[in-house]
Amino acid sequence: MSDVEAKIRDIIAKEAQIDASKLTLDAKLAELDIESIDLVSIIYNIEEEYDIYIPQDDEQFKLETFRDVVDGVNDLITKKGAEPSSSAAS
Amino acid sequence: MNEMWDALAAGRSGIGPSDRPDFDGLQIKSVAAVEDFDPEAHFDAKDLPILDRYTQFALVAARDAVAQSGLEFNDGLGARTAVITGAGSGGMTTVDAAYKRLYQDGKLRVFPLTVPRLMVSAASSHITMAFGIRGPAYTISSACSSANHAIGEAFNMIRHGRVEAAITGGAEACLTRGTMGAWQSLRVMATDTCRPFSVDRKGMVLGEGAGMFVLETLEAAQARGADILAEIVGFGMTSDAGDIVQPSLDGVCGAISAALDDADLAPQTVDYVNAHGTGTDINDVVETAALHRVLGDHAKSIAVSSTKSMHGHALGGAGALELAATLKAIEHQTAPPTANFTNADPKCDLDYVPNEARAMTIDIALSNSFAFGGLNAVLAIKRMN
Chain L
1 MSDVEAKIRD
11 IIAKEAQIDA
21 SKLTLDAKLA
31 ELDIESIDLV
41 SIIYNIEEEY
51 DIYIPQDDEQ
61 FKLETFRDVV
71 DGVNDLITKK
81 GAEPSSSAAS
Chain A
1001 MNEMWDALAA
1011 GRSGIGPSDR
1021 PDFDGLQIKS
1031 VAAVEDFDPE
1041 AHFDAKDLPI
1051 LDRYTQFALV
1061 AARDAVAQSG
1071 LEFNDGLGAR
1081 TAVITGAGSG
1091 GMTTVDAAYK
1101 RLYQDGKLRV
1111 FPLTVPRLMV
1121 SAASSHITMA
1131 FGIRGPAYTI
1141 SSACSSANHA
1151 IGEAFNMIRH
1161 GRVEAAITGG
1171 AEACLTRGTM
1181 GAWQSLRVMA
1191 TDTCRPFSVD
1201 RKGMVLGEGA
1211 GMFVLETLEA
1221 AQARGADILA
1231 EIVGFGMTSD
1241 AGDIVQPSLD
1251 GVCGAISAAL
1261 DDADLAPQTV
1271 DYVNAHGTGT
1281 DINDVVETAA
1291 LHRVLGDHAK
1301 SIAVSSTKSM
1311 HGHALGGAGA
1321 LELAATLKAI
1331 EHQTAPPTAN
1341 FTNADPKCDL
1351 DYVPNEARAM
1361 TIDIALSNSF
1371 AFGGLNAVLA
1381 IKRMN
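Listed in order, the protein sequences are those of chains L and A. Residue numbers for the first sequence follow our numbering, beginning at 1 and rising by one. Residue numbers for the second sequence follow our numbering, beginning at 1001 and rising by one.
Hints in this document: simulated from the structure, not taken from any laboratory. Please note that the accuracy of each hint is not assured.
[Unchecked claim] Computed footprint of chain A on chain L; a stretch qualifies when at least three of its residues, placed anywhere within it, have a C-beta under 8 Å from a C-beta of chain A:
(1) 40 to 46
(2) 51 to 57
[What the hints assert, rightly or not] With a straight-line cut-off of 30 Å between C-alpha atoms, the simulated DSSO-like cross-links for lysine-lysine are:
(3) Lys1029/A to Lys1347/A
(4) Lys79/L to Lys1029/A
(5) Lys1046/A to Lys1100/A
(6) Lys1107/A to Lys1029/A
(7) Lys1046/A to Lys80/L
(8) Lys1100/A to Lys80/L
(9) Lys1300/A to Lys1382/A
(10) Lys1347/A to Lys1300/A
(11) Lys28/L to Lys62/L
(12) Lys62/L to Lys1347/A
(13) Lys62/L to Lys80/L
(14) Lys1202/A to Lys1046/A
(15) Lys79/L to Lys62/L
(16) Lys1100/A to Lys1029/A
(17) Lys62/L to Lys1107/A
(18) Lys14/L to Lys79/L
(19) Lys1029/A to Lys1202/A
(20) Lys79/L to Lys1107/A
(21) Lys1202/A to Lys1347/A
(22) Lys22/L to Lys62/L
(23) Lys1300/A to Lys28/L
(24) Lys14/L to Lys62/L
(25) Lys1107/A to Lys1202/A
(26) Lys1046/A to Lys62/L
(27) Lys1202/A to Lys80/L
(28) Lys28/L to Lys80/L
(29) Lys1202/A to Lys14/L
(30) Lys14/L to Lys28/L
(31) Lys28/L to Lys1347/A
(32) Lys79/L to Lys28/L
(33) Lys14/L to Lys80/L
Treat the numbers as computed from the prediction; the structure is a model and nothing was measured. Where a beta carbon is used, it is the ideal one built from N, C-alpha and C, also for glycine.
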């Protein structure tokens, strides 16, 4: 499990108050019962963690599954050319 | 007001990307700013330090409204007049400047007039002082419904005989780095422009400004031979008791129905609706569904437009800008368009007057405001015969 995957799982579980075990890579976000107000907090926390901007209306950034989120964030981190500001993964 | 109408009638949007330095680094830069406002053209230099930009807007609008009304607040009328204004957040330019000094510039002193400038009620106070209004005066804050709640409250005060006249409306000057950053994080702001009801809409665009109106009873206005712009005939308000950001169809329907009931109007009498029409995914769908539910088959035969596509979303001032647009629409018997319209969202299937104003009979109009936190306020307006 990558550090990014673990960190994002922590953020989503905390902000949306859902069990982290439900966040398998193939879990569909729409089925996780994440409220829209929690979603903006999730995005904010991911952006803060990696000092990235998650595009608001980028057609390339399709977020269907948890894996899509991890891949998308990894892409943004790569594009930024920076290391994650911290790693909370154990 | 005439200048604003000329732009609305031409479908000319005031929205554009701003290159002001305090937006540096923000992702969202599209705003509908009052670009050419020169405070010194409107106020003495000695008065300006006490006036936040939002209060300046409110005072300029109030002066115009009072002058146009021809009303003079002498012979005790000032004591029998109310000032009820709406504002979402009040003196945000003042708040931003103060915080910048303390947290960014490392200063230890804040400008001494910060408190009287930032008060959300400052505009109401300054209007009372400008015209010698000594009756009930306060500010109503209900986020994006503030102005409609203020106007509705002033309407009710006059209707119930508590005052003889009222100066009412709303004002906002929220295009600050802090406010823009906060809205950006909610991810409801358009990166390009505001396209209410279009399938490719990306969200709302913040605006700023003020609208003020002088209200009095129809009998009093007729008795003094006033140039009456229109009659406010109903006001409906509900709260969703639901979600702090998501609108509820029941709450929105309830406010529209209540406005019609208050005015004793059948749904079939409505000609034009100035929509809340923020351009967010959910607002436009819920507002459309609400008009279908309340107006039934008649919904398909009315004109609905969101002038926010041109003047942006002025938050607590929005309802006032939109009442001004509605009054002008009635005066000119012309529905202003929904600008920037591309293709309709399948879930938004009403006649939104896309991109071009339309000459039509407007005897009865509604002006909708729905706020974050589920506070809904709808005005019903009638053309004078």
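Go through the numbered hints given earlier and state which of them the structure violates, listing their numbers in rising order.
-> Going through the list in order, the structure violates hints 7, 14, 17, 20, 23, 25, 26 and respects the others.
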